Structure formats: structure tokens, C-alpha cells
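Hey, can you work out the whole structure from these sequences and the hints?
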Amino acid sequence: MLLDLHTHSIASDDSRASVEQYVRWVGVLRKKGHCIDGFVLTEHRQFNHDVDYSTLSEANEILILKGSELDTDCGHFLVYGVTKEITEQIDFSNVNMHAEDLVEICDQMGAIAIPAHPGRSGIGFAEYLAGGRKGFDTIEIVEGLNGSNRPGEGEKAQDLIKSKGYKSIGGSDAHIVSAIGTCMTRFTEDVKDESDLVNKLREGLFRPVRLEESKEQ
Amino acid sequence: MSKKNIYFEDVELGDDIGPVTRTVKSDQVFEFVSLREPDPNPSRFTSEEAAKKEGLPNAIVPGAMNIALMSQILTDWSPTVCLKKIDVVFRGMVPHEKSLVFSGIVTDKDESGDSTDLECDIVMENQEGVRLVIGHAEFALPSRP
Amino acid sequence: MTTDEGIKYDRSLLGVEHPIGTFDVTKKMIVGFARSTGETDTKFIGTPDGTGEVVAPSTICNIFVNGVTRPDINLEFGDLSFFAGQSIECKSEIKPGDTLSATTRLEEVYAKTGRSGKMVFAVWQTTFSNQNDEIVALVNESFVRRNRSK
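Protein chains in written order, with the numbering used here: chain A, 1 to 217; chain B, 1 to 145; chain C, 1 to 150.
To be clear, the hints were calculated from the coordinates, so they are not data collected in a lab. The model shown is predicted, which means the values in this text are computed figures rather than measured ones. Beta carbons are placed, not taken as given, at the ideal position from N, Cα and C, and that holds for glycine. Treat the hints with caution; some may be incorrect.
Stated by the list, open to error - Straight-line Cα separation of at most 16 Å, EDC-like style, residue types lysine to aspartate or glutamate; simulated pairs: (1) C/K43 - B/D76; (2) B/K84 - C/E89; (3) B/K53 - C/D79; (4) C/K118 - A/D73; (5) B/K109 - B/E9; (6) A/K66 - A/D196; (7) B/K84 - B/D114; (8) C/K91 - B/D117; (9) B/K85 - C/E89; (10) A/K66 - A/D193; (11) B/K85 - C/E93; (12) B/K98 - B/E48.
Said to hold, decoys possible - Computed beta-carbon distance windows for the label pairs: (13) C/K91 - A/I10: 17 to 25 Å; (14) C/K91 - A/M109: 44 to 52 Å; (15) C/E76 - B/R144: 56 to 64 Å; (16) A/E189 - C/K8: 48 to 56 Å; (17) C/D133 - B/R144: 33 to 41 Å; (18) B/T23 - A/G135: 44 to 52 Å; (19) C/K8 - A/D137: 32 to 40 Å; (20) A/D101 - B/P57: 31 to 39 Å; (21) B/S34 - A/T55: 51 to 59 Å; (22) B/P57 - A/K167: 30 to 38 Å.
What the hints assert, rightly or not - Calculated from the model, a selection of chain A residues having no Cβ within reach of chain B, i.e. all distances over 12 Å: (23) D52; (24) N60; (25) T83.
Here's what the structure looks like:
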């Protein structure tokens with residue numbers, strides 16, 4: 001199963017794509033022979049419990065899940081498995097959030113926090129670890145493949161993965177329609193929902209892929 | 001050279017618009033800035049020195065000019081294009097005198113309303129492929145007569 | 001949801017409409033704008049002998065929005081300001097002889113982090129109407145304030 005684990009719709013301030021447009025674009029990709037089974041909306045600094053994509057999802061045979069991308073004092077983190085208890089405990093709009101607290105709360109509450117685009121300057125996990133930040137013993141996964149990286153940022157992420165032995169996920173970091181699916185994560189088993197996504201990530205049976213590799217199946 | 005008229009029926013989702021490679025000359029930027037300030041003071045747009053004082057590596061193209069350049073990827077595509085909305089995010093500094101690649105891709109078609117409308121993504125990249133400006137545009141094309 | 005908690009600025013300006021001036025649109029202005037942006041279409045730049053009707057490119061409002069002084073929101077953050085994004089919705093054609101009036105209002109102020117560290121964004125919505133009180137363009141602009149790179 002191929003999922004794009006990092007996308008932004010117009011709910012995020014810097015995105016110009018609606019969820020419906022992403023769904024139509026997935027149709028375009030499928031016509032071209034690419035396999036894409038779904039995507040996770042990881043809106044910046046927010047989580048909307050009320051929005052429900054199940055009708056859109058069923059009508060188009062595409063899994064649409066919800067997550068979040070949060071700003072922390074150690075860069076951006078993708079969070080999957082967000083619950084009401086978590087949003088009550090953490091202020092998602094806080095751009096100075098303590099990263100260790102976020103990771104710990106997610107670990108305790110059935111969610112998972114994964115450093116996004118770790119090779120970026122200013123908002124990438126690698127820079128903070130290199131700067132001496134300690135802790136993060138429970139982190140086992142980072143976003144190794146990001147479709148919006150600039151030259152050098154992906155290489156820096158790979159260096160981090162090699163040195164720490166992290167597993168790697170992939171996501172497009174799409175902010176415009178045609179960017180969705182450019183990077184994805186291939187799971188060996190089907191993912192059913194947000195909670196199942198957390199389980200599959202914890203099990204570690206996945207690898208990052210680029211869109212070009214999605215024609216293999 | 002006269003451009004070819006493109007009609008709504010000619011376009012499919014996923015069709016490319018461009019790419020077009022252009023270079024913004026420093027003289028052009030000066031002319032643009034002069035439109036609203038006839039004798040402009042040195043600024044990050046017109047002076048390397050002023051730009052460097054602000055920590056920028058070189059003088060940059062104003063965002064207001066970049067959106068005009070982005071709109072031209074559509075209006076230059078076909079004389080039949082009627083631009084309805086353009087919406088861009090400036091993600092990186094756009095330098096003078098460097099090759100810039102402008103491109104678009106059609107992402108939506110809609111003929112359910114009064115007009116035959118389309119939507120597309122638009123992107124400006126530098127020579128290294130870094131996306132300096134990204135965005136979205138809505139436009140109409142007439143139906144084939 | 002993005003909040004502006006902790007950002008110091010003049011919150012009384014939020015959502016308040018401010019007139020920012022009237023602007024006479026001339027053929028010279030349209031042709032100058034079009035030429036400086038590398039436009040080659042005679043619809044916008046006129047014929048080589050200077051005759052012929054012109055209409056304004058859709059982004060012409062940028063001559064005016066960038067020249068106006070908006071109310072100071074007294075933002076207490078950062079020492080550098082950049083244009084972060086813009087949308088222009090073209091409602092009606094703008095032609096030489098039009099007189100446009102514009103009003104602007106502060107829509108939102110919020111913080112985020114990016115490659116250059118913490119940033120604060122201010123979003124303004126500006127409406128341009130012509131002499132017939134017809135809205136010709138809606139312009140949404142986002143400005144970012146950040147600290148100088150070390």
C-alpha cells in the first residue's frame with residue numbers, strides 16, 4: 001500500500017490545493033499508471049477533529065487520513081494518530097513547543113511524532129542534534145524522503161538516518177495540487193485508519209518511495 | 001509570432017503549460033520600481049549593496065513583479081486565456097540576471113457554470129530546480145466555435 | 001487553527017476597513033507596467049506607433065498596493081519585512097481613464113517557523129472599485145517579518 005504521509009491543503013496558510021483537487025489529481029496519476037492508495041493531510045499547527053473525508057474517500061477509493069505538522073524547538077514534526085486527548089494537552093499553534101514533550105505525549109497516548117524534513121536548516125531535526133540537543137531516545141523514524149526538499153537537504157537527512165540507524169518514511173510535502181504523491185511510503189500491509197497507521201509505523205514494515213517507483217506494481 | 005488559440009476542449013488534466021525560461025534584467029526591475037517611485041532610492045530591489053546590508057546575497061526581484069511574470073505563463077500560452085485569479089506564495093528570493101524557469105500544469109476543468117473554467121498549478125524555479133514561487137491560477141478558455 | 005497569541009501588535013486594526021486612496025489609471029501607466037514586466041502582447045503594450053487601445057494586465061493593481069501606506073500595526077517582532085504571498089482576483093477589466101478607489105483591512109496575524117527561523121505574518125485584504133462602484137479586483141497580501149540572518 002502506497003501512502004503520501006505529508007500533504008497540506010488550503011487549511012494550511014501556505015497551501016493552494018483543496019482536498020478535492022488532490023483527490024482528482026490522484027485520479028490523473030492513476031490513469032498514468034501510478035499506484036497511490038491514499039494520503040495523510042498534515043496541516044500546519046492545527047488539527048480539525050470535525051472535518052470528515054469518509055464520503056470523498058469512499059467515492060474515489062482513496063484513503064484520506066488526518067495528521068498534523070507541528071513547529072517545535074527542534075524543528076517540524078509530523079504527528080499521526082492525533083486524538084482529542086492530545087489536542088487538549090498540547091497547544092498545536094505553539095511555534096516554540098518543546099519537542100521532547102511532544103514526542104513523550106504522543107508515545108504515551110497512542111500517537112507518533114516523526115521529525116519532518118530533518119535535513120533542513122532552521123526547521124530540521126539534524127541541525128538540533130548536531131547542535132547538542134539530547135534525548136529523543138524513543139525516536140526511531142524520520143522523514144527521509146521529502147518532495148519539497150532543496151538540494152543538499154535530502155543528503156543531510158540520509159546522513160542522519162545512517163548515523164542513527166533510523167527508519168525512513170516518505171511524503172511529498174505537497175502545497176500545490178500536482179505535487180501530491182511525488183514521494184510516498186510503501187507499507188507491506190494495508191493501513192486502515194489513523195490508529196492503524198501508528199501501529200504500522202511502530203511495526204516498521206515500510207520504506208520510502210518516489211512516484212516513479214510507484215509504477216512497479 | 002502569433003500565438004495559437006487554445007480552446008477549452010483542447011485541454012486535458014495534466015497538460016503542461018510551458019516551460020518558459022526567462023531572465024529578469026536589472027534594468028527591468030529599475031523600470032518596474034520607478035513606476036511607483038520615479039527616482040527610486042537604492043533598495044534591496046535596485047542595489048546589490050543595499051541588499052547585502054539586509055543579509056541578502058544579491059539584489060532581488062520584487063514580489064509584485066514576480067506575480068506579474070507568473071501571470072504571463074498563462075496569458076502568453078494563448079490569447080484566448082481570460083485570467084480570473086492568481087494566487088502565489090513566495091518561497092525564495094528571486095535574483096536578477098539569472099535564468100528562471102516558469103511552468104504550469106492543468107489541474108482542473110469545469111464546464112458546469114456559465115463559463116468554461118480551468119485551474120492550474122504555476123511554478124517558478126531557478127536553474128537548480130529550487131521552487132522560488134509556487135501558486136495556483138484560475139482562468140477561462142472559450143469553447144471551440 | 002493558527003492563533004496570534006503572544007504576538008505583540010495593534011489588535012484594534014483587525015478587520016477594520018481603511019481607505020487607502022484613489023488612483024487614476026492612464027495608458028502610460030498600463031504600458032509602462034506591461035513593458036517593465038516583459039509583456040509583449042499589443043493588448044497590453046499597444047502598437048509600436050503608440051496608437052491603439054490597451055487594457056491593463058490582471059496584476060496592474062500592484063502598482064497601487066505597493067505604493068500605499070497601510071496603517072502601522074506596530075508589530076513587535078523582527079527587523080526585516082518581505083512580501084510572502086499574494087492573490088489577485090480579477091473581477092472586471094481595468095482600462096485607461098478608470099479611477100480606482102481602494103480600501104484595505106488587516107485580516108490576520110500569525111507566527112510560524114521556517115528555514116529562516118521564527119516568522120510573523122500579517123495578511124491584508126484590499127478591494128479595488130472603479131468609478132462606477134464596481135469591484136474590479138480583490139487583492140490578498142501576506143507580509144512576513146523575521147530577524148536578520150546571523
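These are the hints, each one checked on the structure:
no., hint, in the structure
1, C/K43 - B/D76, "holds (12 Å)"
2, B/K84 - C/E89, "holds (6 Å)"
3, B/K53 - C/D79, "holds (12 Å)"
4, C/K118 - A/D73, "holds (10 Å)"
5, B/K109 - B/E9, "holds (10 Å)"
6, A/K66 - A/D196, "holds (12 Å)"
7, B/K84 - B/D114, "holds (14 Å)"
8, C/K91 - B/D117, "holds (15 Å)"
9, B/K85 - C/E89, "holds (4 Å)"
10, A/K66 - A/D193, "holds (9 Å)"
11, B/K85 - C/E93, "holds (13 Å)"
12, B/K98 - B/E48, "holds (14 Å)"
13, C/K91 - A/I10: 17 to 25 Å, "holds (21 Å)"
14, C/K91 - A/M109: 44 to 52 Å, "holds (48 Å)"
15, C/E76 - B/R144: 56 to 64 Å, "holds (57 Å)"
16, A/E189 - C/K8: 48 to 56 Å, "holds (50 Å)"
17, C/D133 - B/R144: 33 to 41 Å, "holds (36 Å)"
18, B/T23 - A/G135: 44 to 52 Å, "holds (48 Å)"
19, C/K8 - A/D137: 32 to 40 Å, "holds (37 Å)"
20, A/D101 - B/P57: 31 to 39 Å, "holds (37 Å)"
21, B/S34 - A/T55: 51 to 59 Å, "holds (54 Å)"
22, B/P57 - A/K167: 30 to 38 Å, "holds (37 Å)"
23, D52, "holds (23 Å)"
24, N60, "holds (14 Å)"
25, T83, "holds (31 Å)"
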